[in-house]
Amino acid sequence: MAEPENLTRSLCEPLPTDTSRGLHVGGRCLGRVELRKDWDKITRPDLLGGRVTNEEALWMVIFTMGIASNRDRILQAHDLERWVLDFFMVWGPVAATVQYSARFNAPDGFHHLLWSLFLCGMAGQIACLNHNLSGAAAFTAALYGLIVLAMVRAAWLLPRARPFGLYFAASYAGAVLNAASIALLGKAAGVHVRGLLWLNALWEAGATVFFLLATEHRPARRRTWDVPVSIEYVIRRYEGFHMTITVCSFLFPLALQAQAFATSAGARVAILLANVYALALKLALLDSDHVPVERHAIRRSRPTAITYLVVHPLSMLGIGITGVGFIALVSDAQAPSPALHDISSTALCLGPAITWSAVGVTKLLHTPLSDVQAHTHKAAVLCGSALVFLAPRAFRLSDRRTQATAWFVTATMVLTFALQLLVEYANGSRMDGWRLRAPRLLIDWADHAAGARVGARISGMEHFFTVLVAVAVFALNRSLQEQGDVLLYTLKLLVLYGMLVHTMRYASRFADEDGAHKILWSAFQFGLLLLLLGLTYHADAPWSLHKCAAVAMYLFVALGFSGRVVAFLPRGRPSAAFFAGASLAAAALLATTLPASGYGEVQMAAAAAMVLLAEPLLGLVLHMFAPSDEVRRRIGLPVNAEYLAQRFQVLQLEVMTVAVIVPNAVYPLNAAHAACVAGAVLLACFLALALKAAIFDVAPVSLDHHAVAISERSRHLFFLAQPPILLGIALTGGAMSLLIPVVDRLGPRGSDRFAQGLMARAAAVTLGALSVEKLTHRWFKASVHLAKAAFGVLGALVLAAWPALAAESGALQTIAVVVGTTCLVVVFQLALSAAFPAQESLVAG
Numbered sequence: 002m003a004e005p006e007n008l009t010r011s012l013c014e015p016l017p018t019d020t021s022r023g024l025h026v027g028g029r030c031l032g033r034v035e036l037r038k039d040w041d042k043i044t045r046p047d048l049l050g051g052r053v054t055n056e057e058a059l060w061m062v063i064f065t066m067g068i069a070s071n072r073d074r075i076l077q078a079h080d081l082e083r084w085v086l087d088f089f090m091v092w093g094p095v096a097a098t099v100q101y102s103a104r105f106n107a108p109d110g111f112h113h114l115l116w117s118l119f120l121c122g123m124a125g126q127i128a129c130l131n132h133n134l135s136g137a138a139a140f141t142a143a144l145y146g147l148i149v150l151a152m153v154r155a156a157w158l159l160p161r162a163r164p165f166g167l168y169f170a171a172s173y174a175g176a177v178l179n180a181a182s183i184a185l186l187g188k189a190a191g192v193h194v195r196g197l198l199w200l201n202a203l204w205e206a207g208a209t210v211f212f213l214l215a216t217e218h219r220p221a222r223r224r225t226w227d228v229p230v231s232i233e234y235v236i237r238r239y240e241g242f243h244m245t246i247t248v249c250s251f252l253f254p255l256a257l258q259a260q261a262f263a264t265s266a267g268a269r270v271a272i273l274l275a276n277v278y279a280l281a282l283k284l285a286l287l288d289s290d291h292v293p294v295e296r297h298a299i300r301r302s303r304p305t306a307i308t309y310l311v312v313h314p315l316s317m318l319g320i321g322i323t324g325v326g327f328i329a330l331v332s333d334a335q336a337p338s339p340a341l342h343d344i345s346s347t348a349l350c351l352g353p354a355i356t357w358s359a360v361g362v363t364k365l366l367h368t369p370l371s372d373v374q375a376h377t378h379k380a381a382v383l384c385g386s387a388l389v390f391l392a393p394r395a396f397r398l399s400d401r402r403t404q405a406t407a408w409f410v411t412a413t414m415v416l417t418f419a420l421q422l423l424v425e426y427a428n429g430s431r432m433d434g435w436r437l438r439a440p441r442l443l444i445d446w447a448d449h450a451a452g453a454r455v456g457a458r459i460s461g462m463e464h465f466f467t468v469l470v471a472v473a474v475f476a477l478n479r480s481l482q483e484q485g486d487v488l489l490y491t492l493k494l495l496v497l498y499g500m501l502v503h504t505m506r507y508a509s510r511f512a513d514e515d516g517a518h519k520i521l522w523s524a525f526q527f528g529l530l531l532l533l534l535g536l537t538y539h540a541d542a543p544w545s546l547h548k549c550a551a552v553a554m555y556l557f558v559a560l561g562f563s564g565r566v567v568a569f570l571p572r573g574r575p576s577a578a579f580f581a582g583a584s585l586a587a588a589a590l591l592a593t594t595l596p597a598s599g600y601g602e603v604q605m606a607a608a609a610a611m612v613l614l615a616e617p618l619l620g621l622v623l624h625m626f627a628p629s630d631e632v633r634r635r636i637g638l639p640v641n642a643e644y645l646a647q648r649f650q651v652l653q654l655e656v657m658t659v660a661v662i663v664p665n666a667v668y669p670l671n672a673a674h675a676a677c678v679a680g681a682v683l684l685a686c687f688l689a690l691a692l693k694a695a696i697f698d699v700a701p702v703s704l705d706h707h708a709v710a711i712s713e714r715s716r717h718l719f720f721l722a723q724p725p726i727l728l729g730i731a732l733t734g735g736a737m738s739l740l741i742p743v744v745d746r747l748g749p750r751g752s753d754r755f756a757q758g759l760m761a762r763a764a765a766v767t768l769g770a771l772s773v774e775k776l777t778h779r780w781f782k783a784s785v786h787l788a789k790a791a792f793g794v795l796g797a798l799v800l801a802a803w804p805a806l807a808a809e810s811g812a813l814q815t816i817a818v819v820v821g822t823t824c825l826v827v828v829f830q831l832a833l834s835a836a837f838p839a840q841e842s843l844v845a846g
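When the letters of the sequence shown are read in order and numbered with this note's numbering, they come out as residues 2 to 846.
I should point out that these hints are in silico values taken from the structure, not numbers from a laboratory.
All values reported here derive from a predicted model rather than from experimental measurement.
For glycine and all other residues, C-beta sits at the position ideal for the given N, C-alpha and C.
Don't take every hint at face value.
Each pair of labels, with its calculated beta carbon distance range [as the list claims (entries may be wrong)]:
hint, residue 1, residue 2, range
1, ARG754, LEU203, 49 to 55 angstroms
2, GLY175, ARG301, 25 to 31 angstroms
3, LEU178, LEU614, 41 to 47 angstroms
4, PHE527, ARG746, 55 to 61 angstroms
5, ARG714, GLU82, 58 to 64 angstroms
6, LEU806, CYS549, 44 to 50 angstroms
7, VAL828, GLY516, 47 to 53 angstroms
8, LEU787, ASP448, 50 to 56 angstroms
9, CYS549, ARG754, 25 to 31 angstroms
10, ALA578, PHE527, 24 to 30 angstroms
Model the full structure from these sequences, guided by the hints.
Given below as structure tokens:
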């Protein structure tokens with residue numbers, strides 16, 4: 002994830018003066034066009050500090066989730082080529098946003114509106130992708146159209162960017178026409194449509210290369226037509242894509258294979274091999290992707306920059322294909338099929354070969370640090386391993402043994418990673434990122450008093466766990482449809498959340514980029530996947546996978562994270578020992594449920610409460626019994642406020658994405674009541690937009706006003722507000738997933754009292770908890786701050802009372818009331834933001 006220099010920036014905050022004409026039609030809340038970089042100011046920090054906004058990260062998850070979910074149809078049709086074409090149909094508009102955002106993105110009203118519409122378009126595109134080619138192509142055309150609008154706006158308002166804006170507006174207009182042609186022809190034209198799909202796949206790369214050819218050999222045109230990019234933004238964006246597509250292509254589908262893991266030995270082996278491959282892939286990518294800005298291919302020259310942008314998506318394509326191969330292998334282990342076996346072996350060879358040939362080429366594009374030989378050798382290892390991955394197909398190894406290809410590919414991946422480290426070591430590298438260092442404080446009280454900041458420092462590996470928690474919500478929502486047990490749902494989520502909170506407390510004080518932490522985070526990932534595999538299948542049996550994994554994970558976070566601090570850092574020993582003790586006590590409580598049938602709800606509740614209340618309890622004990630501030634400071638430790646603020650906001654957004662958007666983006670035209678289902682899906686998009694705006698609005702406009710930076714007491718209250726927010730968002734999405742099938746079967750009059758009451762009350766919990774969080778932050782104007790919180794509480798009360806007031810209401814009516822009330826609350830809050838822009842404002846993602 003990106004690390005913002007400031008946590009937020011307001012929607013209506015005036016932008017710095019530039020040479021553009023103001024957008025007078027919409028007022029200043031729609032912002033003005035400004036270049037993030039220009040040739041004469043190439044080294045200045047851009048408006049967003051080179052970071053990826055949370056809005057962009059939000060639909061980045063939708064993109065990768067949509068690509069991953071498309072595997073089901075491919076496994077039925079056995080058409081890997083079509084999967085590749087679908088990948089580029091979704092990737093094309095996303096690549097266009099990178100082209101635009103790297104030059105013009107800003108935290109203003111126009112871009113909030115643009116990305117909100119883009120999110121709705123992506124939801125429609127993903128909903129149609131598995132069912133209707135014409136619908137998916139139509140939404141693709143609409144998404145390209147939004148970027149055309151943004152480029153035309155930039156060209157009109159900013160003369161400096163006019164040639165660039167008009168060229169790419171025309172290019173994406175061509176992509177709109179191509180996608181529209183696919184939508185009109187549909188499947189009827191057969192091979193001709195496939196040709197148009199290939200044209201769509203090559204369009205973005207072709208337009209970019211043609212622009213280079215048109216400008217590279219004319220220096221005057223090169224400086225006047227082209228607009229430099231924010232290199233920091235592009236680097237972080239593409240690194241984020243690597244990590245997110247790895248999670249969604251491997252860990253997301255693997256976590257949903259609980260029954261296969263429990264019932265089939267072959268599936269167990271395939272799932273464990275896939276997890277090992279994902280671990281080695283992640284570590285190797287971290288080693289390959291970490292390139293300082295001054296040595297990056299984009300900084301080196303325009304040809305290397307264009308080549309990097311064209312080649313890099315192929316590595317994501319390879320990761321996705323590999324994920325398809327492993328899931329096909331799991332399916333083949335359950336129900337052997339020659340077609341599944343063939344697609345599995347093909348994908349397992351072709352995917353890694355594409356990935357590492359692309360990564361090897363991009364490695365060569367970067368400027369070597371000092372030792373050209375080591376740089377070249379590492380690139381040669383990557384390109385050479387790409388050829389080795391093809392060996393099972395070349396020597397027909399896959400024809401002799403069902404899982405031989407998976408074993409070979411996984412072993413080759415581990416060996417490739419080991420050879421990268423060996424090349425560094427052999428060439429005298431210090432290998433700072435892989436040394437086993439003792440834990441060290443990020444910030445101490447003296448630095449805290451001086452106002453020192455160290456940045457958010459959210460590692461790419463931690464982002465894995467954020468997405469995995471969202472995947473757990475997805476799995477729990479699926480089980481909610483079968484069991485309908487909200488209490489058990491809550492306890493399972495809180496037990497999982499307690500593990501994550503322990504790692505957050507650790508990372509906010511001791512996070513580091515060294516070998517020890519790479520090992521810790523990798524082990525945590527492996528254990529978390531096992532926990533998710535046992536989350537929903539026979540989790541109540543004696544010695545079930547879920548129970549054993551939960552106990553093991555609490556032992557691991559206690560000893561692996563806090564235990565290291567106790568052993569090697571005397572300064573942090575008291576507080577680390579306290580947190581370790583809380584997690585060890587939780588593990589002991591959960592261990593009592595191992596030999597018995599049932600979940601042990603009392604023990605689960607006590608374990609979750611013990612971990613979640615550990616830090617407030619420590620603060621209370623120190624406040625009551627510590628004889629002086631000096632003693633309290635010696636025992637307690639300051640936190641990295643930027644890390645906590647950013648981490649919790651990202652977690653809320655990604656849970657919202659996976660709970661509300663992904664499962665409810667269903668294809669409506671096959672439904673018995675298509676119009677009603679389409680309306681419900683549209684309401685799901687509105688709900689996602691409203692929740693996103695509410696989450697942004699709750700956060701203050703600067704880190705100095707955030708609860709985690711104000712005082713210890715406000716930080717504890719902020720921590721306590723997070724579980725109900727996440728639980729409310731998760732259950733709201735889960736309940737909507739129950740209601741849309743009811744609308745499908747029974748139409749507008751259909752009802753499900755349980756799901757309707759659950760959705761209304763879950764949304765009430767969400768709005769109420771967000772209002773409580775709002776009150777933990779410091780305000781600029783008390784009346785505005787309190788009015789926004791009060792209106793949120795009022796909306797929560799209305800939703801809580803809805804099931805009793807409208808007992809005869811239908812499912813669609815309940816969805817409309819919940820979404821309408823949430824939107825009304827958010828609109829009121831945004832109206833206050835617009836009326837008092839200097840005091841309160843919607844924050845940029």
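*Which numbered conditions among the earlier hints are violated in the structure presented, ordered from lowest to highest?*
3, 4, 8 and 9
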